[in-house]
Amino acid sequence: MVREVFALAHIHFKMTVYIEWYWQVFYILVPTVGIVTNTLIVYVTVIDRRLRSPCNIMIAMIAFGDVFHQLGQYVMVISHDIAPEHVMPQHICMHLQAAPLFGLCFSSVIVLCVAIDRILALKRI
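Counting in the working numbering, the sequence shown runs from 1 upward without gaps.
Derived from the structure by calculation, the hints contain no laboratory data. By construction, the Cβ of each residue, glycine as well, lies at the ideal position given by its N, Cα and C atoms. Hints should not be assumed to be uniformly reliable.
Unchecked claim - Simulated DEER-style distance windows between Cβ atoms:
1. 19 x 57: 35 to 43 Å
2. 87 x 24: 38 to 46 Å
3. 30 x 97: 12 to 20 Å
4. 19 x 48: 25 to 33 Å
5. 80 x 48: 20 to 28 Å
6. 20 x 116: 40 to 48 Å
7. 123 x 90: 40 to 48 Å
8. 36 x 122: 26 to 34 Å
9. 22 x 86: 16 to 24 Å
10. 89 x 124: 26 to 34 Å
11. 19 x 120: 24 to 32 Å
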């Protein structure tokens, strides 16, 4: 039993995964819309003085983090076409995914902060 599992662990599968063109368009179009709209949220928050409350600033920070997170979709589509057999060295993958991962973690923490802020705002009423 152990030998069979060990033998199966060394099998190298060569498979070519192809993303159809319409999915590639989808994976480019959707993040582009998200990046543009999230950038507009940040821009409007910076420009308009009425949107400078702590909650609105945190919402703009979430949008800022989401811009970086959505860059990961571009990385996926581009790396899919560049990397042979969809394998790349770990240090390159780490550098390509650093900004999207930062955006994901940053946005998640700020969403928690907004939730706490809103709970505290309800307690004051």
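Status of each hint after checking the structure:
no.	hint	verdict
1	19 x 57: 35 to 43 Å	38 Å, holds
2	87 x 24: 38 to 46 Å	19 Å, violated
3	30 x 97: 12 to 20 Å	18 Å, holds
4	19 x 48: 25 to 33 Å	40 Å, violated
5	80 x 48: 20 to 28 Å	40 Å, violated
6	20 x 116: 40 to 48 Å	43 Å, holds
7	123 x 90: 40 to 48 Å	46 Å, holds
8	36 x 122: 26 to 34 Å	33 Å, holds
9	22 x 86: 16 to 24 Å	19 Å, holds
10	89 x 124: 26 to 34 Å	52 Å, violated
11	19 x 120: 24 to 32 Å	45 Å, violated
In the structure shown, a violation is registered for the earlier hints numbered 2, 4, 5, 10 and 11, in ascending order.
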